[in-house]
Structures are given as structure tokens and as C-alpha cells.
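*Asks:* Assemble chain B onto chain A, guided by the hints.
Taken in order, these protein sequences are the chains called A and B. Okay, so the first sequence: first residue is 1403 according to this note's numbering, each after it adds one. Okay, so the second sequence: first residue is 136 according to this note's numbering, each after it adds one.
Please note: incorrect hints may appear among the correct ones.
What the hints assert, rightly or not - Have a look at the derived ranges for each label pair, beta carbon to beta carbon:
#	chain 1	residue 1	chain 2	residue 2	range
1	A	1680	B	345	41 to 49 Å
2	B	360	A	1492	49 to 57 Å
3	A	1571	B	471	42 to 50 Å
4	B	528	A	1462	39 to 47 Å
5	B	236	A	1492	17 to 25 Å
Said to hold, decoys possible - In silico contact screen, one side only, chain B against chain A (beta carbon under 8 Å); selected entries:
#	residue
6	379
7	383
8	385
9	448
10	455
11	458
12	462
13	490
14	491
15	590
16	594
Since the hints were made in silico from the structure, they are not lab data. A virtual CB, placed ideally from N, CA and C, is assigned to each residue, including glycine.
Each chain, written out:
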Amino acid sequence: MQERIRQTEREINRDLLWPVLRIPWWFWGLVLAAALLVAAGGSAFGLEVNRGPGVYGVNRPTFWGFLIVNFVFWVGISHAGVMLSAILRLSQAEWRRPMVRAAEVLTIFSLATAASFPLMHTGRPWRILYWAFPYDFSRGVYVNVRSPLIWDPSAIFTYLTSSALFVFITLIPDLAVLRDRTTGWPHRIFSVLALGWKGNPRQWRLQALAGILLSALILPVFVSVHSIVSWDFGMAVSVEGWHVTIFAPYFVIGAVHSGVAAVATLMVVMRKLFRWDAYLRDEHFDAIGRLLVVVGTAWFYFFLLEFVFALLGREPQELALRELQVFQWPWNALFVLFLLTAYFIPVPLWLFRRVRRNLTLMFWTSILVNVGMWLERLIIIVPSLMRKQTFTFIWGVYKPSPIEILMVVGSFGLVALGLLMFSKVFPLIPLNEAKEAQVFMDEIRVGKRRVPAVVREE
Amino acid sequence: MAGTHNHHRPHPLPQPDLPRDPQEISQDLLGRFLSPRPGLRGALVGLFVLTVLGGVGLVLRLGTAPLSPEGRAGWAYLAVAWSYILSTAQAVPVFAVAMRLARNHWRRPLSRIAELYGVAGLLNLLILLLLLATLPAGGAFRRTLWQYLLGSPHVWDFLYMLALVLLGLALLYVSALPDLALVRDHGRGVARSLAGSLAGFWRGTPRQWRVLHMALGVLGAFYFIAYVMAHSLLAVDLAMVLVPGWKDAIFPAYQTLTSLQSAVALVAVTAFLYRRWGRMERYIGVEQFWALSKLLLATTLLWFYFWFAGFITFWYGRTPAEQGVIRLFIAGPYFGVFLLAFLFGFLFPFLLLIWNVVRRSVGGPVLASALVLFGNLMERVRTYAGAWSVPNEAIGAHRLEEIPHALAPGLPDVLMAVGALAGALFLVLLASRLVPLISVWEVKEWAMLQRVKVLVRRPVVVIAKPE
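Bound conformation, chain A alone:
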């Protein structure tokens, strides 16, 4: 059942611009909370810079821990933007309209957060300069271009650049609206950013074309980013459980699963905070819930393939790793928790329409998914390193330090802070999309009933 409401352009402008033009009562409270989390994470990092990477919990043989798990997690969250914005735009899914910008902005902030974690993980991030550039021309020490660790930043920064461009292109008409509704220095800034937008037919045509072209061009980048991140692990022959062919699509579909769930969480928060019931309607949550069922089930299929094929060869070291993951404390509890939260609780619930249209349930189930997906990355990365060596007397145990935990918590604050600041400056729901939805909304008579309809985009 559709719940569409007829709205005028004035109403749309008023509803979607009020968070930008006024300060909501909750705004500074949330900013303070997010800033505190960022400060905690930043302080922890400051402590690490002062005392050295020994304050991290990583040690032989588990050299990658919480920080790398968090890096992969945030890269995964960033996949929501392209999934919802580009793919649904190309497939002309009408329900994408109110969530595209929030998804794209989430992509940018989560990617930027993700990119900071390998730098912090090095312990001495300024030494990246030696890694990014030849250390000494006469000694010919160059970066190892055969390593996925080099492909990673190329992919991530390409994705970050193209996503930022994508957000900006689609933001231009809204910047023009803000330009026309502000005075003083905000007006001057919006005037510059709006690039002289007048809204004539030619500009709209070019803007739509740019959106479609960028959507198509960003898709290979979207697939390549998490594939390359997965190859950080997949190309490592020496680590059991990592050198698996399925990792690339497994990581990509997992990223889409966690990213879309994160957008669902964000949508609930936006609807509550900004009172956007008329824009983020139950039908949108219904649609995103159905998408999550499909994506989640595809992810589970890839997980099954990865797990079952690990057992197929019956190699002793692989079996030792799986025995640790499934039967030994605390990994067995985390393994069960991961499966329950990433798939077995939320996805069966989402099969029911009543659940998909219930905001509270959608909020908590989408959060559960991301808890599960964070655990998934932890279970992939740490136990494999704990069992990396052939000789059991070198098998290690990893215990995360409070520094790492604070930095992970700080990353959530950083993304939240970024989203809050963005919402203060730019509208989180595209005005032109909301208005276009009104134009494309229609009804037709089928028998005795009038049925909601939509104009098909060409």
C-alpha cells in the first residue's frame, strides 16, 4: 500500500531546508556527544604516538587487530552510497529518491574514516611519506606495486574522489536553492558552490546526464575497492583461511549488506530527528528491507561457500583454524553471535511486511547487521593470524588494548560528526528528487479501484 502525499514545491523546500536554515534543539547535544567520542579516539591515538605502537594489542603472530578490522568495516559501510545511488538510479527504482544523498554522504565520511586507520595502524604515520615516494632515488627503493597494500589506497582514493564528485554534482541544484534563500557570507559561499546554476532545461539535461554517467563509471570502482581490500588477505598464501578465491565477491556483497543496513539505520534516525515522515515513508523502509533480504541471503551464500570449501581439502592447518573459530572460547561465542546478528535474526524478520514497516524493528535489526558484520571481519582476520604459523608453540593470542577500543569507538563518533555537520550545511534529502517524485506520481483506474502509479523514467 502506498502512502504518498501531494506536496507543493514550497512545502518541500520548507520541510527539507529547515535543518539547514535553523538549528534544531538537539543539534548541539549530538555534536557534543560525537565530538567527545572523537576526542576519546584522538586522545588514544595521541597516546600511541607518544609511547609507540607497543600500546596496541598486536604482537607476533597477530600483527593485524582491531584497527584493520575497523578499516575493513568502514570501507564496507561506504558501499551503501553506490548501491543505493548509482545502481538504483540506473535501474530506475523510484524508492531510492529520499535516501540517495544520505547514502552518498555516509560513503564519503566512512571512506575517509577507513583510510585513516591503516595510517594509524602503522604507529608512525608520518613515515608514510617514505612509503608513498621513493625513499632514495640512487638506491632505487620504490613501493612494491605487486602488493595489494599498494592497490588499496589507489582504489580507496579513487572511490573517495568519485563519490565526492557524485555528491557535488547532484547537490548543485540544491546549492542554488540555498543561494537564493540566504544572505551574507552563506549566500556568497553557496553562490560560488552553485556554479551559476539557473535551472534552465539545458542545465537540467546536463545534470541528469552527468548523474547517469557518473553512476555507470563509479560502478567498476565500487566493485574494485572492496575486492582489492579483500585481496589484502586473499593474496597472502601463508595465512590459512585467507588465500581463498571467493574473498573478492564475498567482501563486496558483505560490504553492500552492511552498508545498506547502515543506511536503513540512518533513515530511521533522519525521519525521527528531522520529522521527515512524509519523505521517508513506510514504503521506503519496506523496499530497503526487501533489498536487505536479497543482499543478506546472497552474502550468506558466499559465507557458506567460503566456510564449506575451507573444509573440503581437509588440510590440518585449515581445520585447526576452523576448530579455533567454531569451538574455542571466546571465538565460538563470537562466531555464533556473528551468525545470529548478521543473518539469522534480521533476515527472517525482514521477510515479514509488518516488520519492514516498523521503524523500531528496522532500526535495531539494521544495527544488529552491522554488529554482526564487524564481528565477521574480526573472525576472518584475527584467528587466521593466531594460527598462521605451522608450529603450535608459536600460535598466539590477541587481546585488544583499551587504546584500540577507544580508537574504534572514536571512528563512530567521527562519522556521526561528519554527517551532523553536513546536515547543518546541506539538505540530506535532495530537493529536486523530492519534487521530481511529485511530478512522476500518478494514479490509474484498474477495474473499480484507483491504484497508485508512477511515470516510467526514460
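*Replies:* Frame of chain A; chain B shown alone:
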């Protein structure tokens, strides 16, 4: 208003000249079903002859290679044919299911074509019985996903394939019920009496329609899952485990994906043939081929992605086992076949389909589809002929020590393969004499749910969203 709306110019898209009156649609489609084109009988006879020749090839092969693990290499090309039918004809109902789940309307004239291909599974089930006889039994010496279950893998693989075939037939039956009722009420001769016994209970009450839609959803979901798992189990048991050192988690997903690509291609080719020789232009128009071309482009790109994800992991790792697998399937005796699979399965279709003008035509997607179908055949040849050429004594090793020579098809192989494909097509064409090739009730629904209106001085299509 002018400054805030998206005024991009819509491309003029030729729409199928769909009749609006449901009665007219019923009469038109039923009339075409009851008066088949003259060439159909000839096609049926020709396919039957080829199927019989396939049987001759089978007898010839039995004379040279026993139907046992020792003679497995002699049956490699029958395995190729089996796998090709599984990955094309039996994959096509998945297309119908997925498109119905996605709630798009352009797929309506193509749904029945897709569901009808499920009957090819009956022949494929029989072929599987023959092939299973050549597999070594489970146990410590042979890996199988069924591990140590009694009768593994033979019993379980057969049962799984049987379940898939039965689900396909059930899906076809349920979706054809309203049209069978139409034939029962307005048809004549054998078709009428058969339809009467199959759909005697159908009255078209609201409750029956509700149950029908629910059943289609449930059966569709089960078929989808069953098909995906079929590739994950059968492809592994009949290919991967026969090659020592080949442990490739992406292989089932890759096989499934290439099957979906072939399914889209087969639908496009069949729709083209039916449109051309059945004069179905008003139902199967450019819109259908445009949509199919987008799906084909997406699956073609995914073909490359899945293949590359598997290849680069093996190539980068360079363990002896991985090197053996790459030498067998890519760089060694099957290099030419791999090249053909790569060019026809990915590169040529991709280069064709990236052009908008090609996608928005009838001939372009059909040409790309034909290339894909050939590429998929080459892909199955290199996978199954390659895997089945490994001798029994090498299967239990940790890696492929010696790369076997490429198995060239002999006359019995060609006859068996052609006979199998012809037999599958024969069954599909025969089934098309029982139910209309275009789903009458779905097309009538389509006519009810869309209108042409004028928006900003241009005609646009308005689509109802009753859900």
C-alpha cells in the same frame, strides 16, 4: 517550477503495440496457440531425428568406453552437454523467477518462454544417471561436499537434481494454470482434453488467484535456491573434485553466474525467434530486448569479475597445486578453448553491448546473446573435458603432477552432445504445444496495469504499483 524540475528530454522508445482489451489479447494469443506455424512440425521431426542420432552415438560410445570410473574420459563430452543444458535451459526459469520477484512488467511476455525450458531437466536427469556411473565412489580417496554420507555423491546428486527438475515442472504447471483453463474452455482436440485434465479445477475465483500468486512466489524462491545450490553441489562433484589440488570456493558461484548470463541470452534468442516466426511483434518489442540487453551487459561484466577473482588468487599464489590448475584449464591444452570462452563469453558481447544504439535494438542483443551461448559452450568444454581427462589414479593426489592431453571429441561425442541438446529442445517445443508460449494472463495483467499519458507535452508510460 521551471527552475526546479528535471526537464531532460525522454528518448522516444518504441513501445509494443499491446492491445488494451483483455478479450482481444485472449483471442489473439489463444488463436495463435491453436493454429501453430507449419514449420513447427518440421522442427519437431528434425529435433527428434537428432535425438535418436544422439542415442546412436551413445551406443557407439558404449562400445569403446565402459560406463564406469575407468571409462570416464570417454564420456567427457556427454558431461559437457549435460552441464550446458543445466547452465542454459535449466537456468532460464531462474530468470522468470527473478524478474517476477523484481516486479517489472517487461518480462511478462517472456515468462512462459523461460518457465517452459524447465522441462529440459527431464532429459538432463537421465543423462546425469549415466554420468554418475562414471564417478568414483566417496571415501577418503575422493573429496566430495557430501563428505561421508552413505551413497555419496551418487545418491545425493541424483536426488538433488530430481528435486530441481520437479520444482521446475511445478513452477511451469502453476504459472500455466489460468492459460490451461483458457485452452480447456476455448480450445479443441487433444489440447483441450489435456488442458481439461490438468486444469479442470480452475475457476479463476479471487481466492484461487491469491493462492496462485503465493504459490508462484514460494515455488519461485525454492527453484532459485535449488538452482544455485545445484551448481554449488553438482558442478563441484562432477568437475572440481576430479582435479587434484583444485580447491576453488568461487567456482560454484562462477558457474552459477555464467549460467544466469546464458539464461538471459537464451531468453533473448528464443524471444527473437518466436517474435520473428510467430509474428509476435506486438507482444515482444524493443522494450523487452533493451531490458534483456542491460541484464546481459551486467552479467557479462560479472563473468569477467568472477573469473578474474578466481584467476588472480591462483596466479598470485603460485602454489604448485594452483599452477597445475591454471596449466590445465587456461595455459595448457585448453588454451584455445579458454580463449574462445573469454572472447565469446565476455569480450565480444561486452564490446557490443556498451553501445546504447545496440542495446536499444532487436538484433544487437540477440547477436550478443548468440555469442554468449557459444562462449558458454566453450566454457563448459574446457571445464568438464579438462576435469574428466584427469585419470582416476591421479585424483587423490595433492596436486596435478602431469597435465593430461586435451580430449578431442570423436564422432560418438559429437552425436551424443548434439543429440542431448536436440533432445532438450525437442522437449521444450513439445511442451509449447500444451501451453501457450506467451502467458495470456500475465499479458492481460500487463495491459491492465499500464497506460500512456501526456506529461509536459510528451507521451509517457504510467505503470501501476498495486503492491
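*Asks:* Decide, hint by hint, whether the structure agrees.
*Replies:* Hint-by-hint comparison with the structure:
Between residue 1680 (chain A) and residue 345 (chain B) the beta carbons are some 32 Å apart, a value that contradicts the proposed interval 41 to 49 Å. Take residue 360 (chain B) and residue 1492 (chain A): their Cβ atoms lie about 27 Å apart, and the range 49 to 57 Å is violated. The hinted window of 42 to 50 Å between residue 1571 (chain A) and residue 471 (chain B) holds, with their beta carbons roughly 46 Å apart. Taking the beta carbon of each, residue 528 (chain B) and residue 1462 (chain A) are about 43 Å apart, inside 39 to 47 Å as hinted.
Here the CB-CB span from residue 236 (chain B) to residue 1492 (chain A) is close to 18 Å, well matched to the stated 17 to 25 Å. Here the hint on residue 379 (chain B) is broken, as its CB sits about 10 Å from the closest CB of chain A, past 8 Å. With a cut of 8 Å, the hint placing residue 383 (chain B) at the interface with chain A holds, because the nearest CB-to-CB distance is about 5 Å. At a threshold of 8 Å, the smallest CB-CB gap from residue 385 (chain B) to chain A is about 4 Å, leaving the interface hint in force.
The closest approach between the C-beta of residue 448 (chain B) and any C-beta of chain A is roughly 4 Å, which is under the 8 Å cut-off, so the hint is satisfied. Interface hint at residue 455 (chain B): violated, since its Cβ lies 11 Å from the closest Cβ of chain A, which is beyond the 8 Å cut-off. Interface hint at residue 458 (chain B): violated, since its Cβ lies 12 Å from the closest Cβ of chain A, which is beyond the 8 Å cut-off. Restraint check, residue 462 (chain B) versus chain A: the minimum CB separation of about 17 Å is more than 8 Å; hint violated.
This hint is violated: residue 490 (chain B) has a C-beta 13 Å from the nearest C-beta of chain A, more than the 8 Å allowed. Given hint, residue 491 (chain B) at the interface with chain A, is violated; its Cβ is 11 Å from that chain's nearest Cβ, farther than 8 Å. With a least beta-carbon distance of about 6 Å to chain A, the hint placing residue 590 (chain B) at the interface is held under the 8 Å criterion. Checking residue 594 (chain B) against chain A: minimum C-beta separation of about 10 Å lies over 8 Å; hint violated.
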